[in-house]
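Visitor: Residue strings, one per chain:
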Amino acid sequence: MSADSPKELGLRLRERDRSAAPRALNLIEDRSPRGREAAAALAGEVSPAALGGEAPAHLVGVTGPPGSGKSTLLGALVAHWRERGRTVAVLAVDPSSKRSGGSLLADRVRIEHDPRDDGVLIRSTAAGGRLGGLAAATREAADALAPAFDIVVVETVGVGQSETDVEEVCDTVAVVVQPASGDVLQFLKAGIMEVPDVLVVTKADLGEAARRAQRDLSAALAALGSRDVPVLAVSSLAPPEGIEELARALEAHRERTDVGERRLRSRRLSALRELVAEHGEGAVRKLGGRREAERLLSTRPPEESVSDLLRVLEAGA
Amino acid sequence: MRTYAGHSSARESNELYRRNLSKGQTGLSVAFDLPTQTGYDPDHELSRGEVGKVGVSIAHKGDMHELLDGIPLDEMNTSMTINATAAWLLALYLTVAEENGVERGSLQGTTQNDIIKEFLSRGTYAFPPEPSMRLIADTIAFTVEEVPQWNPVNICSYHLQEAGATPVQEIAYSLSTATAVLDRVRERVAPEDFPRVFGRISFFVNAGIRLVEEHAKLRAMGELWEGLGRERYGVDDDRYLRFRYGVQVNSLGLTEAQPENNIIRIVLEALAVTMGRSARARALQLPAWNEALGLPRAWDQQWSLRIQQILAYETDLLEYPDIFEGSKVMEGLAAELVTGAREEMAAVAERGGAVEAVPYMKTRMVESHRERMRRIESGELKVVGQNVYTAAEASPLQEGEDGGILHVDAAVERSAIDALDEWRAGRDAGAVEEAIAQLGRAAADPGENLMPCTLAAARAGVTTGEWAAALRDVFGEYRAPTGVGDAAAAPSDDALSALRDRVERVSEGLGRRVKILVGKPGLDGHSNGAEQIAVRARDAGMDVVYEGIRLTPARIARTAVDEGVHVVGLSILSGSHAELIPIVLNELEEAGANVPVVVGGIIPAADEAALLEAGVARVYTPKDFEISRIMGDIVDLVAEHYGVTAAPA
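Here the protein sequences come in this chain order: A and B.
Sequential numbering of the first sequence, starting at 0, is according to numbering that gives the first Met the number 0.
Sequential numbering of the second sequence, starting at 0, is according to numbering that gives the first Met the number 0.
I should point out that these hints are in silico values taken from the structure, not numbers from a laboratory.
We treat Cβ as the ideally placed atom computed from N, Cα and C, and that holds for glycine.
Some clues are possibly wrong.
Claimed, not checked - From the structure, some residues in chain A lie toward chain B, with a derived Cβ separation under 7 angstroms:
id	residue
1	R17
2	P21
3	L24
4	N25
5	D29
6	S31
7	G100
8	S102
9	L103
10	D117
11	L120
Just need the whole structure built from these sequences, with the hints factored in.
Guide: Written out as structure tokens, the structure reads:
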């Protein structure tokens, strides 16, 4: 089993050995006490401390309501990135938890790709019922993949909460909507949903409907004072349109973002949230309240992993 | 009267047709293999194990010449079960007629050409929905002018029932498909020609064992069809308003257990579509008694042909006017179905019509099929020999050396590939290139009819795979919705709760939830078995990676590893398991995945032993109809393989 030890897997991921990725993900999904321990060890192996800085990968969140055309869009994006020699891992997260506990995965996100191409990895996972929700389920996986791939996509379904969760894990968040869906527009106006980094209107082949949606969303963003958020129309049907522009917009967002700062902030946020998930609000009170806890975290070195930070909080609580 | 036939090479199928014609068959019904149906040449990666399996392989006009050699085309009524590539196979047929000096105007026959049911049930589609609908409209517009006696489409309700549709769904979804086709054709033909187009639309219907209701269904379809013609399309000529349909009776209800009983089912189902004159089938083809076991032999097909001959020539069925006229029961049943179907058609229309409503219809059918499976498992629906009266004498019909089925020579694929290489080397490369470029240009212009350049490609010696590839380049690839994601969760019962407990315990032992990959290797698109397994596995609490149809062995291995599944479940109904499964096992091994593989499908006993020998952990065949039991078995397998316990704590 030494080939699957956290240390060995961490080393191989740092060396960009793709074949270590599925095993690392199996380990991260293991909920047994022994599995949790191994996952924490692995998190240390891929933390900024072990990497000597932030992982260079671009962590991209893609979220949107069901039927918005995310999977065909992702298929086209993955193909675009591969043509340019960039390696991509996609984590498709199903947040729905069902009575039986089971989930139908992958059906939702069927991304066409060459199965012999080592530059693509697609993993679907059910986050339903997981303490701490989507972000907790995804963070460790995204962090493990980040040293081994150029781009890590976290895909999830839903509007309202999911983009906030994804934002906690990713450098750039794109929300995908189809022309006819008014939900996103209403949610934005009502402030129910956070303003994303990039808005994508799919099914541009529908013509006028897509252009109208694009205009309405741009107007809503302007009213919210977010004029610089790009709203792009794409068509993933053959021949695809707007994919290159989308890839460029994602890239541009990353370039103007202080990734180190954003990731550090979200690691601290995650540690606090996980403290609450595991020990309840009482643990925060024991630390002297949320602000005091945040102050405690800000004294820690920036390269510590979420599990390191969690331990610090637990020690103080 | 005809039997659906064809296998292996064009030469062997030609011999079969000539034998059948000499036994009193009055037309041809051509079965094509899956590569031909989905637009791949025999040497494509996806064609592995499928060449010549469920029908004949036709890769170019040379194959078509050989298939039809010595058969008088101007006297034949030829039915071709072909959909995604219908325009192409029709072009090959027309080219052969042309090169043999037969007038187009004298040709009679049918191309099935119904793509919606391919998305819903059969899975042999090649292009996305809209371009597929355009190809259908193009063939209709072309044949109405050029081949006036041809039936360019045969709207199929048959496959919907096979995939679990209720009678109401069968009626509603097939008629919605017909309107989707007609709405598109209306834009392409002159208004004065349209009634004639309406009159050329025929249907291919299923008949199940509930023969009274099935007969009522056909009366209901006739009534609704006439209403559509008059109201939606303004057709008033009675000749064009008649509901014309052919039938293949039900295969879904044929059992692997006590297979000889199937012949009785087939007779009763044939009766359902012949007994009342005003709703009588115009063409009838019957399956063979041993379909659930494997491929039928010539003798098995002859037996089915004899049923039709006895019904027609010995019984008095054909001597009377409609025997149900004035029957309150029959009229009441038909009226009930008409009402139900109207509601369901409205639900489809609300979603924008049959093309847009494919995901909706698919989900409803997956749910209906699950309900049917549940009723059989619980014993509510009795199937003699399968869930009641299961004790039986051994059947002498299966005692022969062949086990009662046909075995296709595995060398067929190799020789088809060799012949294809030879064909490609012998043609005018420049003409081929020009014809393919022309296809691409025409495909990119939605206003152009694709038939003329398809005919030019056929004449130039273009292959089936090249024709489809030229169109795929423009239209794009497509994967149909599976219907499983949206299927509602099953109502809980004791058996399911017990199963969930086991899954829960094994998942705890594993550290993460039991994860299963379900998929179909090869080109076989009959996915309802795989869908039922996927939905049930989810209901039992597993994480299910369902990747649908047309998976290459490489894809299966890659997904199994990347997704970190504990077990792989594969379903094959096309008879290609013997070739494909060992390749999958090999790919898994090369990928370093030590994952148990279970296989389900129409798998003869002799092959079952070979698969187990090759390393398959379990084999399930149609006689394993209790999905709950299969699930329990898979949970135990996972527990055993990974050394965890499934026993109650």
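Visitor: So, against the hints stated earlier in the document, which numbers end up violated here?
Guide: 1, 10
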